[in-house]
Amino acid sequence: DGGITQSPKYLFRKEGQNVTLSCEQNLNHDAMYWYRQDPGQGLRLIYYSQIVNDFQKGDIAEGYSVSREKKESFPLTVTSAQKNPTAFYLCASSRAGFNSGANVLTFGAGSRLTVL
Amino acid sequence: GQQLNQSPQSMFIQEGEDVSMNCTSSSIFNTWLWYKQDPGEGPVLLIALYKAGELTSNGRLTAQFGITRKDSFLNISASIPSDVGIYFCAGQLVPIKAAGNKLTFGGGTRVLVKP
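Chains as they are written, first to last, in the working numbering: chain A, 1 to 116; chain B, 1 to 115.
FYI, nobody ran anything at the bench for these hints, they're computed from the structure.
Accuracy of the hints is not assured; some may be wrong.
As the list claims (entries may be wrong) - With a cut-off of at most 20 Å between alpha-carbon atoms, the simulated PhoX-like pairs for lysine-lysine come out as follows:
{"no.": "1", "chain 1": "A", "residue 1": "K71", "chain 2": "A", "residue 2": "K57"}
{"no.": "2", "chain 1": "A", "residue 1": "K70", "chain 2": "A", "residue 2": "K57"}
{"no.": "3", "chain 1": "A", "residue 1": "K14", "chain 2": "A", "residue 2": "K83"}
{"no.": "4", "chain 1": "A", "residue 1": "K57", "chain 2": "A", "residue 2": "K83"}
{"no.": "5", "chain 1": "A", "residue 1": "K57", "chain 2": "B", "residue 2": "K114"}
{"no.": "6", "chain 1": "B", "residue 1": "K102", "chain 2": "A", "residue 2": "K71"}
Stated by the list, open to error - If we take Cβ atoms under 8 Å as the criterion, some of the chain B residues that face chain A in the derived model are:
{"no.": "7", "residue": "L33"}
{"no.": "8", "residue": "K102"}
{"no.": "9", "residue": "L103"}
Backbone N, C-alpha and C define an ideal beta-carbon position, used for all residues, glycine too.
From just these sequences and the hints, can you work out the full model?
Set out below in structure tokens:
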């Protein structure tokens, strides 16, 4: 079955360490996204990529970095510069790139990062 | 930037009740999506709406795309315990190349079971 796989599901990090969250999709989707979700809050966009080797900052990109070397993969690095990294991170993908009339996101199961 | 106000923020349901939630926007959208998120999981798409005035059902769920294109509502009929979760609305403008085709999400409605 096609889908999005995020790993790890749970991750603990010490302050000052970088950590990378994995996101892989086998849906043949062009676009991929990273969202952050805090308790009781909605989803905030961190980074998105419409095509391989290209990505754009979302609303809260500071302290994060991404790469898009392959269509299937869009890893997110939470750097030590992110002041409050403890959160639930969601990866998503969609079929359409630019100029799409309707763009439906498919989400992964999420990764919960806790900074100790 | 764009804002989506979703209400209520939380609600308690009793089995068999009908419940409603809505989303309003300061901007006009061309697409409205409704997602449900179970605890510790990613959101799953429930209903997608593409035309103003459109009314679409998915089982016990019904959603409408407001005529003004600035609002949408979701109704759950005859609620059951597994309806518990967080419901998100999301809206999308016609994509502009410079802006891509990002979704704007509401803050979510948390549905809980009455004790």
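Each hint tested on the structure:
Taken as a hint, the K71/A and K57/A pair is honoured in the structure, with Cα atoms around 18 Å apart against an allowance of 20 Å. Of the supplied pair hints, the one linking K70/A and K57/A holds, its CA atoms being roughly 18 Å apart against a limit of 20 Å. Proximity of K14/A to K83/A is assessed by CA-CA distance (about 12 Å); at most 20 Å being required, the pair is judged to hold. Note on K57/A and K83/A: the hinted pairing holds, with a Cα-Cα distance of about 17 Å set against a maximum of 20 Å.
At roughly 41 Å between alpha-carbon atoms, K57/A and K114/B are farther apart than 20 Å, so this suggested pair is violated. About 18 Å separates the Cα atoms of K102/B and K71/A, which keeps this hinted pair within 20 Å; it holds. Because the smallest distance between the Cβ of L33/B and any Cβ of chain A comes to about 6 Å, under 8 Å, the interface hint for this residue holds. Because the beta carbon of K102/B sits about 6 Å from the nearest beta carbon in chain A, less than 8 Å, this interface hint is met.
The beta carbon of L103/B is positioned within 8 Å of a beta carbon in chain A (closest approach about 6 Å), and the interface hint is therefore held.
In summary, the one numbered hint that this structure violates is 5.
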